[in-house]
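Protein chains: 2
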Amino acid sequence: MLQNIDLSRTIDKASFKAQKTELDLKLGDLQRTAKSLEIPTIILFEGWSASGKGTLINELILPLDPRGFTVYSTRKPTEEESFYPFLWRFWKRTPTSGRIAIFDRSWNRRVIADRIEKALKGQGLRQAFEDIRSFERQLTDEGMAIVKFFLHISKAEQERRFNNLRANSATAWRVTKEDIRQQERYAEYLAATEDLLTETDTDFAAWTVIEAHDRRFATLKIFATVIEALERRIAAGDRKPADRAPASQRGSDFKTTALDRVDLSLSLSPEEYDVRIKRAQTTVRELEHEIYRRRIPVVIVYEGWDAAGKGGNIRRLTKNLDPRGYEVVPIAAPNDAEKAHHYLWRFWAQMPKAGHITIFDRSWYGRVLVERVEGFCTEAQWRRAYREINAMEQHLVHFGTIVLKFWLHIDPDEQLRRFKERQGLAHKQWKITDEDWRNREKMLQYREAVEEMLHRTTTPYAPWTIVESNGKRYARVKVLETVCEAIRTRLAR
Amino acid sequence: MLQNIDLSRTIDKASFKAQKTELDLKLGDLQRTAKSLEIPTIILFEGWSASGKGTLINELILPLDPRGFTVYSTRKPTEEESFYPFLWRFWKRTPTSGRIAIFDRSWNRRVIADRIEKALKGQGLRQAFEDIRSFERQLTDEGMAIVKFFLHISKAEQERRFNNLRANSATAWRVTKEDIRQQERYAEYLAATEDLLTETDTDFAAWTVIEAHDRRFATLKIFATVIEALERRIAAGDRKPADRAPASQRGSDFKTTALDRVDLSLSLSPEEYDVRIKRAQTTVRELEHEIYRRRIPVVIVYEGWDAAGKGGNIRRLTKNLDPRGYEVVPIAAPNDAEKAHHYLWRFWAQMPKAGHITIFDRSWYGRVLVERVEGFCTEAQWRRAYREINAMEQHLVHFGTIVLKFWLHIDPDEQLRRFKERQGLAHKQWKITDEDWRNREKMLQYREAVEEMLHRTTTPYAPWTIVESNGKRYARVKVLETVCEAIRTRLAR
Numbered sequence: 001m002l003q004n005i006d007l008s009r010t011i012d013k014a015s016f017k018a019q020k021t022e023l024d025l026k027l028g029d030l031q032r033t034a035k036s037l038e039i040p041t042i043i044l045f046e047g048w049s050a051s052g053k054g055t056l057i058n059e060l061i062l063p064l065d066p067r068g069f070t071v072y073s074t075r076k077p078t079e080e081e082s083f084y085p086f087l088w089r090f091w092k093r094t095p096t097s098g099r100i101a102i103f104d105r106s107w108n109r110r111v112i113a114d115r116i117e118k119a120l121k122g123q124g125l126r127q128a129f130e131d132i133r134s135f136e137r138q139l140t141d142e143g144m145a146i147v148k149f150f151l152h153i154s155k156a157e158q159e160r161r162f163n164n165l166r167a168n169s170a171t172a173w174r175v176t177k178e179d180i181r182q183q184e185r186y187a188e189y190l191a192a193t194e195d196l197l198t199e200t201d202t203d204f205a206a207w208t209v210i211e212a213h214d215r216r217f218a219t220l221k222i223f224a225t226v227i228e229a230l231e232r233r234i235a236a237g238d239r240k241p242a243d244r245a246p247a248s249q250r251g252s253d254f255k256t257t258a259l260d261r262v263d264l265s266l267s268l269s270p271e272e273y274d275v276r277i278k279r280a281q282t283t284v285r286e287l288e289h290e291i292y293r294r295r296i297p298v299v300i301v302y303e304g305w306d307a308a309g310k311g312g313n314i315r316r317l318t319k320n321l322d323p324r325g326y327e328v329v330p331i332a333a334p335n336d337a338e339k340a341h342h343y344l345w346r347f348w349a350q351m352p353k354a355g356h357i358t359i360f361d362r363s364w365y366g367r368v369l370v371e372r373v374e375g376f377c378t379e380a381q382w383r384r385a386y387r388e389i390n391a392m393e394q395h396l397v398h399f400g401t402i403v404l405k406f407w408l409h410i411d412p413d414e415q416l417r418r419f420k421e422r423q424g425l426a427h428k429q430w431k432i433t434d435e436d437w438r439n440r441e442k443m444l445q446y447r448e449a450v451e452e453m454l455h456r457t458t459t460p461y462a463p464w465t466i467v468e469s470n471g472k473r474y475a476r477v478k479v480l481e482t483v484c485e486a487i488r489t490r491l492a493r
Numbered sequence: 001m002l003q004n005i006d007l008s009r010t011i012d013k014a015s016f017k018a019q020k021t022e023l024d025l026k027l028g029d030l031q032r033t034a035k036s037l038e039i040p041t042i043i044l045f046e047g048w049s050a051s052g053k054g055t056l057i058n059e060l061i062l063p064l065d066p067r068g069f070t071v072y073s074t075r076k077p078t079e080e081e082s083f084y085p086f087l088w089r090f091w092k093r094t095p096t097s098g099r100i101a102i103f104d105r106s107w108n109r110r111v112i113a114d115r116i117e118k119a120l121k122g123q124g125l126r127q128a129f130e131d132i133r134s135f136e137r138q139l140t141d142e143g144m145a146i147v148k149f150f151l152h153i154s155k156a157e158q159e160r161r162f163n164n165l166r167a168n169s170a171t172a173w174r175v176t177k178e179d180i181r182q183q184e185r186y187a188e189y190l191a192a193t194e195d196l197l198t199e200t201d202t203d204f205a206a207w208t209v210i211e212a213h214d215r216r217f218a219t220l221k222i223f224a225t226v227i228e229a230l231e232r233r234i235a236a237g238d239r240k241p242a243d244r245a246p247a248s249q250r251g252s253d254f255k256t257t258a259l260d261r262v263d264l265s266l267s268l269s270p271e272e273y274d275v276r277i278k279r280a281q282t283t284v285r286e287l288e289h290e291i292y293r294r295r296i297p298v299v300i301v302y303e304g305w306d307a308a309g310k311g312g313n314i315r316r317l318t319k320n321l322d323p324r325g326y327e328v329v330p331i332a333a334p335n336d337a338e339k340a341h342h343y344l345w346r347f348w349a350q351m352p353k354a355g356h357i358t359i360f361d362r363s364w365y366g367r368v369l370v371e372r373v374e375g376f377c378t379e380a381q382w383r384r385a386y387r388e389i390n391a392m393e394q395h396l397v398h399f400g401t402i403v404l405k406f407w408l409h410i411d412p413d414e415q416l417r418r419f420k421e422r423q424g425l426a427h428k429q430w431k432i433t434d435e436d437w438r439n440r441e442k443m444l445q446y447r448e449a450v451e452e453m454l455h456r457t458t459t460p461y462a463p464w465t466i467v468e469s470n471g472k473r474y475a476r477v478k479v480l481e482t483v484c485e486a487i488r489t490r491l492a493r
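Chains A and B are the protein sequences, given in the same order.
Start counting the first sequence at 1; every next residue gets the next number (our numbering).
Start counting the second sequence at 1; every next residue gets the next number (our numbering).
Rather than coming from a laboratory, the hints here were simulated on the basis of the structure.
No experiment lies behind these values; they were computed from the predicted model shown.
A pair counts as met if it fits within one copy or between any two copies, since identical chains are not told apart.
In silico SDA-like links for lysine to any residue, alpha-carbon gap of 20 Å or less:
#1 K339 x G237
#2 K92 x T358
#3 K118 x F399
#4 K353 x T78
#5 K92 x V329
#6 K353 x H398
Starting from the given sequences, assemble the full structure and let the hints guide the process.
The structure is reproduced here in C-alpha cells:
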C-alpha cells in the first residue's frame, strides 16, 4: 500500500487555517456525542522515525476535552512487560466506554521493530499477524471504533530531517541509535511495513496512510479521517462492524493517490521502440518455455481506462508466445449462470495450470470498479472485495503463481481524442459505444474507485504496475519488460 | 473437539423409524424453499475411513429431489488438478443459487491426508488453514449455507470394521492401502483432525462432530443438523452470516456430550488419598520452582457446578506452593468499571507473568455459561465468544504459557445433598444462597451450555480436563496430578 504514493502533496497556510477551525469544532462535538453513546475509540499512530508522530498527535488532541482521552506512548517492552504475551499491555490500555485512547506506536511494533530486531519470521510472524487481527476484531465486534494511521515519509526526507536535528545541538540528542538503524535499513523496514499494512488492513480496522512530508496536509487528513470514522461509527449504531463502512479513503479531499504524479508524457521513439520491443518479445518467448519446464503458472491482469489500448498491448505481449502455453481471457459482464455463483467463481475456473500463462483482459477487479460505480453490488460487497481479492491472489501465490497486474493509464484529454478518432475511422467505429461516452461522465467516480483499488490491492505478493499509456509504444514496452523482469526474478529464486 | 466424546450412543429401530419419516418430509420441504429463495448449500462430510460416509450420504440424499443436488467425491488430486492451487477444483464445484453440493471429503483433505502424506507443516500449514477459512467466509458472506460434518469412530471400531470387510472376499478389496495406513497412524490422523476442527470452526461455518458408531444415531443427527441449518439460513434472510447462529449443537437431541459417560463413582480411600496428595503437593512445589527458573507462566482455570468443591480443591493445590509464585483470582460478576470494557479485558489484566502461576476460580468462561443462560449477553456475543476465547488462549500458548482448564463435575443428586448439608451446618450456611437454588432449576440450560463449552473450547493447546468430583478426594488428587504431569511434559520439551 506504500508503493506509488504521492508524497509531494501540500496545503497552503491560508486554506489550512480556513479548514482547520471547522474541523476542530466538529471533532469536539463528535467526542461529546461518542461519550454520551458510550462508544470507545482507539486512534493509533505508526510511522517512520521523524515522520512527525508527536507533533501530529499534539495537533489532534488540542480540540479534544482532556478529561476524555489518554495518550499512550509505546516503547520497547519493559523487562516486566516482556514477561507477558505482547498483547497484554495493550489489553490493559483499551479505553473504557466513551473514552479515546491514542497510541503513539502500538501493538504493531511487534511486527515492525521487534520483527526486525528479533528476526521474527515464519510461523511466529504469522501468529503475530493473526493475533493482531483477532484482537482488533474482538474490540470492534463489541462496538469500538479503531482508526489506524501510518505516517509515511521517503528515505531521503527522513535523512533530511535527521540532518536538521543533528545540525542543532539542542535537538541532536533526539536522533537515537534506533533511528539511525532505521535510516540505514530503510528498505527492510519498508518491506516489514508493507507486510503489516497488507496483513492487517481489514474491513473492521482499516489503515489510512498519511503522506507526512507536509505537516499541514497530514494534519488535515488526520482530522478528516478521524471525524469520518466517528461519524460512521455513530451512524452505525449497534450494527455489526462488517456492515459499517471503514473510515479511510472516503469523501475527503485527502485520499491517497497513485495517479496524480504519473508522468503521461513518457514516450519512445519508433526506433528505440523497435529495438526494445523485439528484444523483449524474444526474451518472453524463452521465459515462457522456461516456466513451462519449471511448472510455474503466471497470471497477468490488464485493467485500464476505456481506450487506454489494452487490446493492442496484449497483442504485442503475445506476439511471439507459443500459443500452447498461454490463453487470453476477455472478461465481459457476467452471464446468468455466472451471476448465480460467487463473483470470484468464474475467474477461478479460468486460472492457469502450472506452467501456463493466463492473460485476463479485464478481471475480478470489475467488482471494485464497474460494479461499485454502477451499483451492481452493495457497498458492503465491494468493500469486502478488497480483502477477498487479496486473499485469492495470496492463495495463488502460495501455490507458486506469479501474479502481475497492469493499470493502463491515460488522461481524459487523450481518452477523448481516441474516442473521436474511433468515431471518425469507419473500421474502428464499432468500438465506441454510448456507454463509453456515459462512462466519461462518471470519470470522477471511476477515478476514486481506481485510486482505492490501486491502494488497497497493491500487495507485496501481487503489486500493481501503473503503465503510462498516452504513449502507446512506451506502454507496450513497459508491460513486456515488466513481465520479463518478474519472471526472471522468480526463476532466479 | 474430539476428546471426551461419547461414542457409545445409539438409537433403537422403532424410535428411528418414527423420527425418520418426519425428518424426510421436512428436508424435502426445505430443499424446495431454499431453491425458491435461491440459497446455495454445501454439505460436506469428512471422517475416518470406514466411518460410513458413503452410507450416510446415501441416506441423506434419498428424500431430496435429485434435480437439485450433486454429490462430489474428493480423491487425491489428479495430475491435472495438482497443477492448480488446491482450492481451484472446489471453487469450480461451488453450487449455483438454489442447489445443494454434497462433498464426500473436501478441501479439508489438504490439511488431513495431504498434510500427513506430504508433511505439510509450519507456514504452509497455517496458510492452508487461512485459505480454508477465507474460502468459507467468502461463500457464506454471499449467502451460502455451509454444513460441515466430521464422522468420528474410535481406533478400535475402525479396526473392527476393517476386519469385517476383510473377512469377506466380496468386500476385502474395499480396504485400501491408504486405509491401513490410517489405522496404523490413527493417533497422527487424530491430531491433524483436532487441528482442523479447531482452526476452521468458525461462527460462519461451524463443524458438527457425528458420533458414527451407530448408523441410526448418526443418520438422525445428520438430518436434524441439516434441517436446522437450512431453517436458520432461511430465517436469516439477507442478514450477515455473523449474525446468523451456526447450525450445529442446537435444540436437537443429538448434541455431542462429554459428560454423559463420566464415571462419578470414582473415589479414593483416605489412605491412598493421603499418600498421593502428599506426593503430588511436594512435586508441584518443586515444579513451581522450576517453572520460575525457566520463566514459564501457568494459567489454571477452575470451572464447575455450584458446590462441586472448587474452593477445597484449590486449597489442596496451593497448600505447599510458595506464595510468591502464585495467585488465586476469584472471579465474580463484573463491576461497573469492568462492564465498560470488553469482557476479556479484566482477565488480561490478571494473566500471570513469566514464571508465575495464576489460578482462576471461575473465569472468562462465564461468558458462555452464566452470561449465556441468564441472558447477560446476546446470542451473537456468546456464539462469537468460543472463537474469541480460543484465540486468547492461543495467544497465551504462543507466548509459552501452560493453560490448564478443569471442569469439576458432580451430579444433581450430589449437588442437592451438598446444598442441604450446607443449610444444616451453621458455619457453612452463608455459602448457599437463593441463587444456588434457582440455578438448580436452570440446570438443564446450564448443562447444554457446559456441554457446548467443553466441546468448542477443547483445543490441542488448551484442553479441558473433566474432574469427577462426587468423590472430593479423588477430585483433588486428579487435579494435582494433572497439573504436575502437564508441567513435567512441558519441561521435558
